[in-house]
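S.K.: Listed below, chain by chain, are the residues.
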Amino acid sequence: MVKENKRANSSDSARIDIQLKAQRLEHEIEQAERHDHDSADDLIHVTINGTEYMSIKGVKILNFCRENGIEIPTLCHMKDYSDIGSCRLCMVEIEGYEKLFAACRTKLEDGMVITTESEKLTEYRKEMLRLLLSNHTVDCMNCPKNGGCQLQELCNQYEIKDTPYAGSRRKIEDKLPKLADNPYISYDPSKCIHCQRCISACNRAAVNHTLKSGRTGVFHTVEAPFGPDWKETGCESCGNCAAACPTGALTLKRKEKYHEWSTKKVLTTCPHCATGCQFYLLVKDNQIVDVEPANGPSNRGLLCVKGRSGSFDFVSSPDRIKTPLIKNKTTGEFEPASWDEAISLVAGKFMELKEKYGGDSLAGFACSRSANEDIYMVQKMVRTCFGTNNTDNCARVCHSATVAGLAKTLGSGAMTNPIYDITHDVDCILLVGSNPEEAHPVVGMQIRQAVQRGTRLIVVDPRSIGLTKEADIHLKLRPGTNVAFANGMMHVMIKEDLIDHNYVENFTEDFDKLKELVKDYTPEKVGEICHIDPDKLIEAARMYATAKKAPIIYCLGVTEHSTGTEGVMSMSNMALLCGKVGRSGCGVNPLRGQNNVQGACDMGAQPTDYPGYQKVDKPEVREKFEKAWNVKLSEKPGLKATEVFPAAIEGKIKGLYIFGEDPIVTDPDTEHIKKALESLEFFVVQELFMTETAKYADVILPGRSYAEKEGTFTNTERRVQRIRTAVTVPGDMRLDTDILIDLMNAMGYPQPHLTASEIMDEIASVTPSFGGISFARLDAGETLQWPCKDKEHKGTPIMHVGKPARGRALLYPAEYRPSQELPDEQYPYVLTTGRILYQYNAAAMTSRAPGLMEIAGEGFIEVNYKDADRLGIKNGERIRVSSRRGSITATARVGRKVSEGETWMPFHFPDSPVNQLTNAALDEFARIPEYKVCAVNIAKM
Amino acid sequence: MERKLAKKGNMNDRMDIALNKLKSRMTSYPPGMCPLVLYRSILQMSMNQSCGKCVPCRDGLVEAERMLRDILNGDATEETPKKLEALCKMISESADCAVGVVAANTVLHSLEEFADEYESHIKKKRCVGDTQQTVPCMTLCPAHVDVPGYVAMVKAGDYAGAINIIRDRNPFPTACAMVCEHPCEKKCRRSIIDQPINIRGLKKYAVDQISADQVKTPKANVATGKTIGVVGGGPSGLTAAYFLALMGHKVVVYDEHEKLGGMLRYGIPEYRLPKARLDEDIRAILSAGDIEVHLNTKIGRDITVDELREKYDAVYLGLGAQLGNRMPVDNANAKNVIPAADFLQAVARGEKIDLTGKNVALIGGGNVAMDAARTAVRLGAATVRVFTRKRDDYTALQSEIDSAAQEGVRFRTLVSFLNLEQDKNDPELIDALWLQPEIVAEFDQFGLVKTEHSSAYPYRVKCDYLILGVGQRCDVADFDSAGIPTERGRILADETCAIRGVDGVFSGGDCVTGPSTAINAIAAGQVAAHNIDEYLGYHHKIICEAEAPAAKPNKCVPTGRAEIEERDAFERREDFNHVEIPMTPEEAVREAGRCLRCDHFGCGSMEGGRCAW
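Just so you know, the sequences run in chain order L and Z.
In terms of my numbering, the first sequence opens at residue 2 and continues consecutively.
In terms of my numbering, the second sequence opens at residue 534 and continues consecutively.
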């Protein structure tokens, strides 16, 4: 049915993009088939330009033609989001009608005879172009869109050099001001062709509703939020509007610095959150000059402000560390060193410590921001050379509770369903402790799309986040009461008999224990614990349980508690009781934090697991790895990252290797981390920048960023996606895998030099769930979600289909336990921490993007207006925030976002280093710290 | 010199064709347009009408038009409107004939009426915010029903789907099919080609094919545990109840009557809306969710306002305006003087009122007056005479007036009411009314003609029964004393149906606006339901389970509008049976086929182009 696309060319990235597109169409047709068309009657025959085709009723002419290699010009159509048919360029002739039809919005019907090219059509199209041109400032030579302008391209194609018309709108549009106050985006009305793509992008794709229609007299206007009041407009600066604009009217300002034709495009994966958006890096003269979205399976052509504008400034930042650095013990200053020097020092020192104190005195952390191949080599080095399982990654402090919790209950600790599956065509979304609009913005956009289409939304969050404005129900929980909430939900589900008995009976165990436990969690009692309206709890239980398709989506609001693992298990309990696991549009879906935090866990950077969650304490597993790696391995599970620091203070850990993490900023209770690092005998950091943590190192080894290497990231939906070399930043930095391989060899382990692709082959050979994954398949355009057992296996979009991976899923009865530090007289407020849209984690990447810093570059604290009134705190005032562990300042944002007695702070900003305040209380299973609750006091300064 | 009659088919005659087209352009002038553009069009037409004799008109109007164009083109300064005003003042005072005077006055009027729009164009070079052309029928329907959607459903033969699309915004498809004043038809784009779509007629066709209570309402949300008290079981209260129930709230409806329906049951006569048909809507509404009904219960008498507020999470007051006004004259309380609303209610309740052989007089020209007049005819009255002061007082739909006339109702206009003459035999009755002939005078500020007494003598009209169709009000006394703000028989609520200063109490419909149409009351109930949900901290979605079929281009062949015919006047005036003759299937399909699908073609496909909230 889908004929070969004639546009395919030999360029790799273009080829891959086209393949992605083709998959999209197939998927769409499948969807259409599944939902709207059940019978064979819906298969129709049409004739296009004399050739007969078979299609499915309801597919639009333009989409069908494009996928069949028939080009039809358009300037206003935007697949999935806009088919207003305003440019009239896609007009086609249909037999039997005198009137022409806009192909973008006319659906195929059986027997249609369509002509897409004729003399008349060409003449009309030319006339449309002349009319468009008459209202368009033609300064192509100076236009940032030169070469990428679709109006220009069509004018060239139709040989339109100028226009005989004076233009209807010129008079007014030339006088409307150019809006260019937003740091990234500008709007020039004189080049606008009023195709409304930007308005559709903002309202129907990003669903942010800040770009609006207006009018001046008889003309339609675009009210773009980039004028002097840009900060107040609610614009997220995501730039999806600019990406949609066919001309130079609405553009990214940086386009002025390059021409489309002078760049090379490299398809890669976004380095920020774990949504795994696919985009192209645009490279000119070995510099990344821009980012363009690709139609990836998780982002579907969308990007957020970080992905589009925060993904490249840092790569060639002047403060990249460019040579190995060794700290001069006497001066305390870092001094440049050669690689030979650094490698032999590091290898020698670690081996010396191993000799002296044993392998378990050493530890090495991998980085959940780096590639799977890097992470695999870190844990391999720790296990083979250090001779210990003391390896971990920063999932420990974000989603270790998920990994532990879901593995325990379902048998696999990962997101069960794909993003597309849980945001398209679902009846209800239960969103717990997750603010995807800020932390996973492209998922947030897709949730907003779903809600706009009528999906019910239950938001369970202590704050009135953006999505609560659209939520059917908002349960504004007291922080730290998720387990009570979930038990209350289940109490109602059981009491009102809303559970899936068949599923519970056949696929779960310990239902009786759970039933017994939740008996006490009456809505009234839970209402009191959680500070919520019992009615809303009951309704939420009913709404979720009775919805046909309803995913649970959760994030760090569930995991980052001293009861985080139990919180996670409570999520799976709810889904299991309702039989909502292993089905499309359902499941338990943690939104993993960082770009490759899923991969970091998959790759075995965990003290208990080899790659693929193979347990280190299982003899047969260990034997397998001993054979594969040809070395004796420790049988003792290692220390978790959050245990390594106290162990260092106690003197049990002497040497530490940190690959790309910054625990001083990101781990709770900063002072105790500093103390731990100071207690080490030898400390090595492999990094891009001089982070707070790197300052404590004895040796710093400069690695390469995601844009300078080959590799893979695994996104939150277990999808393994490629990153590719776009640039080579000048300096003595080396491929991270090469550094690790050199170190391993220097430490006496004969590790052959392998490319990233070869490392993935090794991963596949030792990791059953990665068995079928290879660069070759990914580069051929396949997108693979593990488990992918062999070369024939297509990957696993939805897990636990048929039955849970564990066989029978465990219903774990978790009693609610309060957070470890509750407010008291001295520290009467609860503090929760989190992320904002414009920054990422320790801000190593985003703080190097000046535009992001301009939009949001200062630390703040959200305070309830009643508390602020009582304390005399004004909005925008700098206040002091203190806990038992420290005291910092932050700008007060007074409002209704947090409840009375509660506060909230982002953790990105060095001017308000909130982790000086947070509590390092740990969860008993995953040892995840309680970032989400500690007691603080706030005061006027 | 030889004289000639005007030549047949002369230029003037031929131009009338074009002028008729202009008329249809005007009737279909879309909502959401810039007023200055309209004024510029008027000015252009005006200046083109100049005969070219006098300077101010022939040259001044052209300059005025140029100034208006500058304003629209963003070339104006703050001085421009002042100059425009001075110029037009000069033209108005110095032009020789009405062509120039009226043109200039029109511009002067615009400067006053649309000062905000002028200012916005001069300062910001654009219209006042949110000016956007939207689909006319959806926009003008107060409840914003997806009209093209259900018309397309009718065309496709999916009548249940049509009812579901209507009910997404209006749970009274049947009642509105019978009695809606159909503001949706006012600016129908089809008028550009021929005449508006008969939207109400198509709705009636749909509910005639399958009754509303046979079409399942959308699946209600799960129970929320919240309970809303609704006072008034009329169109507004029941609409609120319907949507609140779909959102999962429990609703308790109080009504003082024996049955639900409010003015739809007790105000609109059986021959226009058979009560059995109204019951279809009500049954469907009650099936939507958890709705409990307390009839024969009057707030203030059986339960207090404070009790209501205490008992329910929120309260909606949809009381209607059921008290008929009387006139402040002697004998206004005589037994044979009755407000139209009370008269219609009594008939609806089944009270025996025999008007056989009686001379009935009726004051007022609104729809209620027409209902009363036609009812009086059916009750056997010998004569039914309607008196109004001026033509403008006939606010009833023209079709109602026509039907009444056909049924023998007589009309006399340009009379003012003087006094009622007491019956000499029975002081509790009147036997005549005195009327003063009037003549028309100037227009008032709202553009309505005023009258003054004529020099003709007053005259006496013999009258056995007088019906007063002079307005209704709401029984607000008990609400007023409970702290609900009221003014002249109306509850004071804003456009969100919230009552300022009274937390959790909402109100809408006739009790807020004064007597109005069912669809306005329905719109208020819908708005209130959503805002009550928001007030309680929710944002519940109502899920419409029907989707309109794909639009196909219309060939725009001018085609007559299928009107709904009524039974023969002499036959129908003998009974209370429904007067309308159903459309035939071919009529309905052809009529539905006239729809231009403005939801798909034109502005309807743009973001926000379907309707302006």
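Treat the hints with care, as some may be off.
Straight line, CA to CA, 25 Å or less: simulated SDA-like cross-link-like pairs of lysine to any residue [to be verified]:
#1 K719(Z) x N1064(Z)
#2 K586(Z) x E618(Z)
#3 K720(Z) x D426(L)
#4 K898(L) x N1064(Z)
#5 K213(L) x K749(Z)
#6 K804(L) x H221(L)
#7 K749(Z) x K804(L)
Source of the hints: derived by calculation from the structure; they are not laboratory data.
Just so we're clear, the structure is a prediction, and the values are computed from it rather than from any experiment.
S.K.: Would you mind marking each hint as holding or not holding in the structure?
M.R.: Right, here's what the structure says about each hint:
1. K719(Z) x N1064(Z): Violated - the C-alpha atoms of N1064(Z) and K719(Z) are around 28 Å apart, more than 25 Å.
2. K586(Z) x E618(Z): Holds, at about 23 Å.
3. K720(Z) x D426(L): violated, 37 Å
4. K898(L) x N1064(Z): Between K898(L) and N1064(Z) the Cα gap is close to 21 Å, so the pair holds against 25 Å.
5. K213(L) x K749(Z): Violated, at about 37 Å.
6. K804(L) x H221(L): violated, 55 Å
7. K749(Z) x K804(L): violated, 36 Å
Hint check: violations occur at hints 1, 3, 5, 6, 7; the rest are consistent with the structure.
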